[in-house]
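Student: What follows is each chain in one-letter form.
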Amino acid sequence: MLFGLPEYLILIIPLAGSLLVPLVGKYSAKARDWTPALLMGITMVLCWSLIPDIGSPPKTWNWINIPGFVVPFSILLDSLSIIMAVLASTLCLLIYVYSTEYMAHEGDRDRFFFLMLAFGGGMLTLVLSNNLLIAFIGWEVMGFCSYGLIGFWNDKRNPPEVDPTGYDSSNPLLQFDTEGEYNTHCGTKAFIVTRIGDALMLGGILLLFTFTGTFLFQETSVGTQAVEGMANSGGWINLLAGVGLFLPTLLLIFAGAIGKSGQFPLQVWLPEAMSGPTAVSALIHAATMVKAGVYITARFLITIISATGIDGHSTSSGFIPLQIGHPDAFTFFAIVAIIGALTAFITGTMGMVSNELKQVLAFSTLSQLGYMMLAIGTAGMLTHYDVAYFSSVIHVVSHGAFKALLFLSAGGIIHMVHTKYMSKMGGLGKYMKKTLVVMWIGVLALSGIPPFSGFWSKDSIIEHVYALGIDNPLGIFLFILSVAAAACTIFYSIRLMGMVFYGPSEYDELEREEESVTVHLDEEESEEHHDEHHEVPHDPGPAMMIPLYILAAFTVIAFMIYPIIQNIVLETNRDIFVIFIEDMVAVKFAPEGILPFIITLGALALGGIPAYWLYIKNADTPNTTVPEHGVLRKLYNFLKRRWYINESYYWFVNKFLRFADMWRRTIDEKIIDGIDFKSADAAISISTKVRWFDDNVVDGFAEGISTHTVEASESSQRSQTGRINDYVGVVIFGIGLLVIIALLSMGVI
Amino acid sequence: MAWKEVPLMAFGIPFMFISLAVMFLGGLSIYVFKNKLEESAGKVAVGFSFIGTVLMIPPFYELLTAGQSIETAIWSDILEPFGLQLDAVAFPITFAVVVLGFLSVIYAVGYTAHTKNKPTFFANQLFFIMGMIWVTLATNMIEFFIAWEIMLVPSYFLILFWGFPETRKRTAMKFWLYTQSGAVCILIGFGLLYAQGGSFVLANIVANGDLIFKIIFILLAAGFLVKMAVFPVHWWLPPVHAEAPTPISVLLSGAMIETGAYALVRFGTLTLYDAAISLSFWVAGLGVITMFYGGFMALAQVDIKRLLAYSSVSQMGYVLFALGTVTVMGVSGGMFHLINHAFSKGLLFMTAGAVIHQTGLRDIKKMGGLSNKMPITAFAAAIGMMSIAGSPPLSGFASEWMMFLGGFNAAIPIPGAGVNMGFLLLTILAVSSSILSAAYMLRFFWRVFLGPHPEELEDVKESPRSMTVPMIILGILIVIFGIFPSLALDVIVPAFSGILFP
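Protein chains in written order, with the numbering used here: chain A, 1 to 749; chain B, 1 to 502.
Please keep in mind that the hints were generated in silico from the structure rather than gathered at the bench.
Note that the Cβ used here is the ideal one computed from N, Cα and C, for glycine as well.
Treat each hint with caution, since some may be false.
Stated by the list, open to error - Dumping the calculated BS3-like pairs for lysine-lysine here, alpha-carbon to alpha-carbon at most 30 Å:
hint	chain 1	residue 1	chain 2	residue 2
1	B	373	A	26
2	B	365	A	30
3	A	670	B	365
4	B	116	B	461
5	A	26	B	365
6	B	365	B	169
Unchecked claim - Sample of chain B residues facing chain A (criterion: CB under 8 Å; computed from the structure):
hint	residue
7	297
8	434
9	439
10	494
Can you make the complete structure from the sequences, with help from the hints?
Tutor: Written out as structure tokens, the structure is:
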């Protein structure tokens with residue numbers, strides 16, 4: 001619909017608008033801060049207005065239009081793209097509104113809001129582009145913006161805050177004098193780690209293009225598409241598989257998703273990406289960036305399924321695992337599912353011991369992204385792919401909402417208490433009551449407690465994995481991992497709440513003190529007190545709270561909205577209430593659904609009850625009950641050091657840089673210097689030799705010749721004319737003639 | 001023998017010749033009147049350079065409308081007509097040299113504010129630019145060689161007079177020895193080519209895939225690869241680019257080394273196609289080695305300009321790889337990359353020069369946090385760095401993906417009919433080397449512009465306007481070419497699809 005406007009405006013407004021931000025900033029700081037929110041608001045309205053257009057053929061423009069080489073561009077109007085666009089633009093808007101208050105006292109907001117708006121534009125470009133190459137452009141725009149935003153506070157001069165329960169790393173790459181250095185390191189790390197995936201993905205995209213001859217998803221999803229210049233093609237999948245490249249190509253593309261979505265083994269960048277402002281973390285985690293990998297994997301799922309020509313829609317509710325399409329495609333989705341499940345479990349365990357508030361949320365994001373990947377992989381292995389795929393889509397939606405909620409409330413907390421470590425917090429529930437409520441909603445949704453949004457999506461993923469497990473041993477493995485990850489999730493969620501909001505607070509004393517201060521001391525000193533930021537924490541202002549209320553409301557009523565999304569994604573037109581009863585509630589108690597449901601509830605109890613007992617019930621006692629020695633401590637250290645994955649990467653990078661440096665100093669510069677000196681020396685010594693040659697050989701030869709000639713001429717004087725001059729003349733003439741003949745023959749040859 | 005004009009191009013005026021002559025005579029007059037000019041030499045040079053640049057507009061217009069622009073003249077009957085030809089093959093490099101040359105002269109005005117002997121500097125710079133433009137336009141082997149040497153001589157003097165006090169003589173000598181030994185190979189190759197091909201005029205040479213032509217190609221390639229600074233013969237480049245005064249580094253790194261790539265295309269795909277194609281795999285392999293070695297070494301450098309110099313080595317590896325694919329996509333991408341690399345690397349050298357000029361430091365370990373002190377420079381450097389790292393929507397990406405696609409096209413000539421595994425592997429390696437590019441570029445940016453700044457750099461100011469304006473212009477050009485690559489590809493791609501698959 002779009003009110004008759006061209007669809008590409010959705011991309012142009014945020015991307016080009018981001019350039020306006022610094023210009024507006026020259027005139028008014030306030031207008032500049034609201035510019036991203038305003039432009040994203042317009043974009044959001046346009047995105048919502050696309051919903052009725054789902055399925056309509058897109059209009060095409062040409063990005064590159066040269067005879068024989070055309071790269072067309074169009075907006076993809078299918079349910080996946082539009083849901084992602086609506087989600088991304090709405091969350092971006094809420095986060096931009098939040099940022100206006102959150103960042104109000106920071107410097108250099110031109111750069112901040114420019115990058116924030118461009119970030120949203122990059123995500124919209126990715127999800128709406130029909131053209132894989134242009135989607136990749138959006139993908140990389142996000143990479144750059146994340147680099148700039150994670151390292152936004154690159155000039156902070158204070159030493160980095162030390163984790164009270166942390167450990168010292170001996171790696172020279174991890175020694176930072178200032179927080180600015182640390183933040184810059186985090187941004188750089190994020191860019192380079194994701195870049196590893198991106199480079200491979202570009203390779204995959206181009207390799208795919210070599211076989212399909214098109215960048216358009218729309219045309220790629222026609223599997224029998226004839227590639228230009230080939231008579232009998234039989235479709236690109238057969239061609240690719242024929243030379244054994246189908247699986248490698250898909251894996252190369254999936255490598256990009258692994259990098260962006262922080263899947264194992266490239267999950268290391270996301271926990272460090274917390275060093276930016278909290279609004280940035282929310283943007284990266286909820287609306288953009290990490291969802292990009294999930295989106296592209298889901299996109300390839302539906303593209304491949306459509307290309308292999310299997311009708312995945314099943315009206316029956318029977319769970320019959322069966323491989324779809326090509327055997328290589330099945331292998332590919334199995335790999336996707338395994339990586340997703342591993343990520344969900346590994347990062348879930350890491351979250352259980354982290355002490356940094358936002359880092360716990362980062363681990364939970366990684367874990368939830370693992371669920372999404374798991375759902376996509378499972379969908380690719382099931383005949384009724386569409387329901388599993390749908391559960392992945394709603395998990396993206398629900399996670400987007402509750403993770404934005406969690407991050408934005410965490411931002412409010414950090415804003416108030418000026419520390420990022422949970423062990424320094426505690427007992428904040430008394431002071432930030434509204435934040436406490438919305439954060440509980442977010443945490444319960446994250447843990448998958450009914451009826452909050454996370455329950456419906458996560459539980460349906462686990463059920464589909466269980467369905468796969470009925471026939472395939474791989475499914476059992478995935479099921480165990482996913483249930484274990486659910487137990488971890490609820491553990492760290494409740495731990496987080498306990499450590500932040502319950503127990504004694506350092507402000508209790510302060511409050512009492514302050515009361516006495518106002519009584520006993522004069523006003524001057526109490527003002528000083530305020531300057532030192534020792535005021536009692538309170539809930540943030542309206543621009544920060546209103547987005548939280550909206551997100552919390554969605555999280556609570558999500559079960560009423562999911563049936564609508566289901567109708568859109570599955571292209572059905574059923575009654576919403578019927579869907580809710582049949583597909584969301586009744587299925588849990590159906591014979592094939594009851595067992596996984598009970599197991600999941602058991603896992604939640606397994607994780608939730610100890611956490612509640614440790615961190616909320618006994619919040620007043622010291623939190624750490626891990627003994628100094630023994631298995632538990634070893635496990636704790638193992639998890640605290642993030643399974644040593646992160647450290648081993650640093651070890652390798654450090655060695656690599658050392659090696660490069662060593663090579664430069666001992667080999668490269670030696671050669672350069674060697675050439676510096678030696679070539680000059682060599683030139684001199686050669687020229688000395690040449691002079692010797694010139695003096696002795698050439699001159700000697702010439703002298704010898706002339707002497708001999710003279711002798712010879714003298715000896716033959718009698719038989720010849722007897723005049724030397726004549727001979728010389730002849731010789732010169734002869735040599736000249738020879739040279740001319742030689743020159744001529746050179747030309748003739 | 002006097003210049004004898006032969007019937008000319010559409011407008012009836014030999015614009016390209018006049019442009020070169022303006023540059024040459026301008027440089028000459030600056031040198032002759034050096035005592036009078038002294039401080040204002042820079043402005044006069046900008047004036048001449050501007051005239052020379054504007055005069056190049058009609059030939060470009062003619063290229064876009066009529067396909068090419070040719071001017072010929074006869075200097076000596078034996079040597080056959082000399083000519084200036086601007087065709088689609090020469091378009092990218094000529095465009096890059098003309099734009100970058102002009103901007104580097106503007107930049108030099110600010111950069112040399114406190115330098116002695118300005119007239120000599122600017123005279124040499126104008127000669128240098130004129131030599132480069134001439135190389136890209138030459139149509140005759142002898143003419144090409146003369147221009148090739150004219151390009152070398154002024155840059156030698158520039159390094160000799162304005163390099164580091166201690167090492168400049170050695171560096172200049174090294175530069176001379178290396179490129180001159182390359183030139184000797186080229187000269188022998190030209191001699192053989194004339195003997196075998198029967199003409200000095202490139203267009204009239206008849207060649208085939210015989211052994212002798214392969215030898216000729218190897219000789220020529222040796223000379224051009226020295227200029228491009230490809231792996232085993234790249235050692236001259238880092239010290240030379242690091243020591244040259246920055247406006248000259250901009251030209252050396254952004255344009256001069258690219259003339260080697262251009263010449264390789266001119267001789268490899270046009271004149272000696274059959275001989276070159278049989279060696280293409282090795283050319284591509286050499287390119288991959290070069291891109292990894294350059295990137296690897298750039299990661300370890302501490303001198304800001306040496307780091308960028310190694311990055312140039314790496315980027316020339318990309319171009320060489322692209323030329324080695326001998327596919328329309330690859331070669332077009334490689335030629336397009338000449339423009340993009342010229343702008344991006346020129347921009348980066350300008351920012352590095354600005355940093356050196358404002359702080360007096362060259363060691364990146366001593367820098368940091370300059371983004372607050374020099375915001376324009378920092379933003380320009382961010383654009384240049386991302387473009388070199390191959391990030392869209394900047395122009396570096398627009399050519400990089402074409403080069404990689406060319407690699408895949410070479411690996412899979414016809415989909416479904418077999419795969420050239422060697423080439424596939426090379427291409428995957430080439431693609432993954434962009435990780436290395438990102439790594440060294442981010443390291444550069446981090447060390448110079450991010451983090452808190454050291455105490456000593458508290459008083460650093462933004463560089464003068466004559467230095468920031470060229471940076472801004474280049475930054476805008478990079479973005480424009482990144483978003484609308486068709487501007488250049490419209491000319492390049494049809495030309496190469498005509499040449500490679502007629």
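Student: State for each hint whether it applies.
Tutor: Hints versus structure:
Between residue 373/B and residue 26/A, the direct Cα distance comes to roughly 18 Å. Compliance with the 30 Å bound is thereby established for this hinted pair. This hinted pair does not check out: residue 365/B and residue 30/A have alpha carbons roughly 38 Å apart, beyond 30 Å. Between residue 670/A and residue 365/B the alpha-carbon distance is near 21 Å, which keeps this suggested pair within the 30 Å criterion. For the hint linking residue 116/B to residue 461/B, the alpha-carbon distance of about 23 Å falls within 30 Å, and the restraint holds.
Proximity of residue 26/A to residue 365/B is assessed by CA-CA distance (about 34 Å); at most 30 Å being required, the pair is judged violated. Between residue 365/B and residue 169/B the CA atoms are separated by roughly 27 Å; this keeps the pair inside 30 Å, and the hint holds. Contact between residue 297/B and chain A, as hinted, is supported at the beta carbon level, the nearest pair being about 6 Å apart and thus within 8 Å. At a threshold of 8 Å, the smallest CB-CB gap from residue 434/B to chain A is about 5 Å, leaving the interface hint in force.
Because the smallest distance between the Cβ of residue 439/B and any Cβ of chain A comes to about 6 Å, under 8 Å, the interface hint for this residue holds. The interface hint given for residue 494/B holds, since its Cβ lies 6 Å from the closest Cβ of chain A, which is under the 8 Å cut-off.
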